[in-house]
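Peer 1: Got chain A sorted already, so can you dock chain B onto it with the hints?
The residues making up each chain are set out below.
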Amino acid sequence: MLVLALALALGVTLGLLTSITVPVALLTYLGVAVLAAIDSCLGGMRAALEQTFDDKAFVFGFFTNTLMAAFIVFIGDRIGVRELYLAAVVAFGMRVFDNLGQVRRGLFQRWGWER
Amino acid sequence: MNDRIYRPALVVVVVVLGFLVAVSFNTTSRLVTARPQRVSDLVSVVRDMESQRAELQDRYSELREKMDTLERNAAEDSGVRSSFTQELERVRQSAGLSAVVGPGVKIVLADAHEVDPDNDPNDYLIHDSDLTAVVNALFAGGAEAIDVNGERLVSTTPIRCAGTTILVNSARLGSPYTISAIGDSGALESFALSDPVASLVFGPYKTQYGLEASISRVDELRVAAYRGSMRPRFASATPGGES
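In the order they appear, the protein sequences are chains A and B.
Residues in the first sequence are numbered consecutively from 1, following my numbering.
Residues in the second sequence are numbered consecutively from 116, following my numbering.
None of these hints come from the bench; they were simulated from the model.
Being a predicted model, the structure only gives us computed values, none of them experimental.
Cβ atoms here follow ideal geometry from the backbone N, Cα and C, with glycine treated the same way.
One or more of the hints may lead you astray.
Estimated spans, in silico, between C-beta atoms of each pair [stated by the list, open to error]:
1) Pro-23/A to Lys-221/B: 44 to 54 Å
2) Gln-51/A to Ser-159/B: 50 to 60 Å
3) Ser-159/B to Val-22/A: 21 to 31 Å
4) Gln-167/B to Ala-9/A: 55 to 65 Å
5) His-228/B to Pro-23/A: 12 to 22 Å
One chain only, chain A, in its complex shape (with noise of 0.2 Å):
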């Protein structure tokens, strides 16, 4: 638990110190992507607290998930209905609440604070 909080502050520290910004065009964009990787990071948690992580089909998921979000974003701008991102929004703000219920309820489990 404290690796994975070490190494998102890694990240965050990282990102910024080298204060990176993005076009502001590709914000939403960005901000799926985030969703997104939330997501990933959560359900690989999930997964690990299950026994049933596996590399391949975690990597796999993040990028799929990540490209799939901006790619609906992109639809979205193309064919003139912004508001498509919501939908992934909506659907990965779902995902990412159900998994920190999951998440929760294992890392519950293995400090033997419930049951």
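Peer 2: Relative to the frame of chain A, chain B by itself:
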């Protein structure tokens, strides 16, 4: 049984996630400070700033006047009006920092009242280029001081188009435009009317499109002082040299 919930792949992806979050944070934080959300916000920001600037300008000219009188008093106190003060006044006058009076011409340019819908509506408006041409012709005719709707033209004055208005110095001016120029009124008039571009405004454009363009000689004309700031950031005087 593998007890660790962190796998190398998971750790790497979490680093990437943190990076993405930081990048979007960077972008949005810059965005929020640089760009209010709506055009209406922007408009009100511009309004606010313009009124602030107007206040500051008033205060600036007030202070400048005060400084002038103090300087004059100081010079009188010491008994002599030193050549320094006189020189200062002369320079200030030629730089456009004080209002001046004298003979000259008054030119009024205004957009047409009626627009023929079959034609380009731009043809019925006074443009920054028209104003520039007239002003330039006046300077060519030896004008010593010019203002447009009270905006004194100085060495750094831009005249440019800003939407439906014309920007002179940093003031947005709308039709009608009154140009006051001090100089030899006969020369000013003939230069304004013979300049290849300015003459179009007074001639063909006026008759064809109904623009208003009039020029009149005036015996006693007042040209306003420059109200903006004049503090060079990049230019500095050459050491010791007049030229």
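Peer 1: Next, verify each hint and record whether it holds.
Peer 2: Hints versus structure:
1. The beta-carbon spacing between Pro-23/A and Lys-221/B, approximately 51 Å, falls within the hinted interval of 44 to 54 Å.
2. In this structure the hint that Gln-51/A and Ser-159/B lie 50 to 60 Å apart at CB holds, the actual value being about 59 Å.
3. Taken as a hint, the range 21 to 31 Å holds for the pair Ser-159/B and Val-22/A, whose Cβ atoms sit roughly 29 Å apart.
4. For Gln-167/B and Ala-9/A, the Cβ-Cβ distance of about 43 Å falls outside the hinted range of 55 to 65 Å, so the restraint is violated.
5. For the pair His-228/B and Pro-23/A, the supplied restraint of 12 to 22 Å is violated, since their beta-carbon distance comes to about 46 Å.
This entry does not satisfy hints 4 and 5, going by the numbered hints stated previously.
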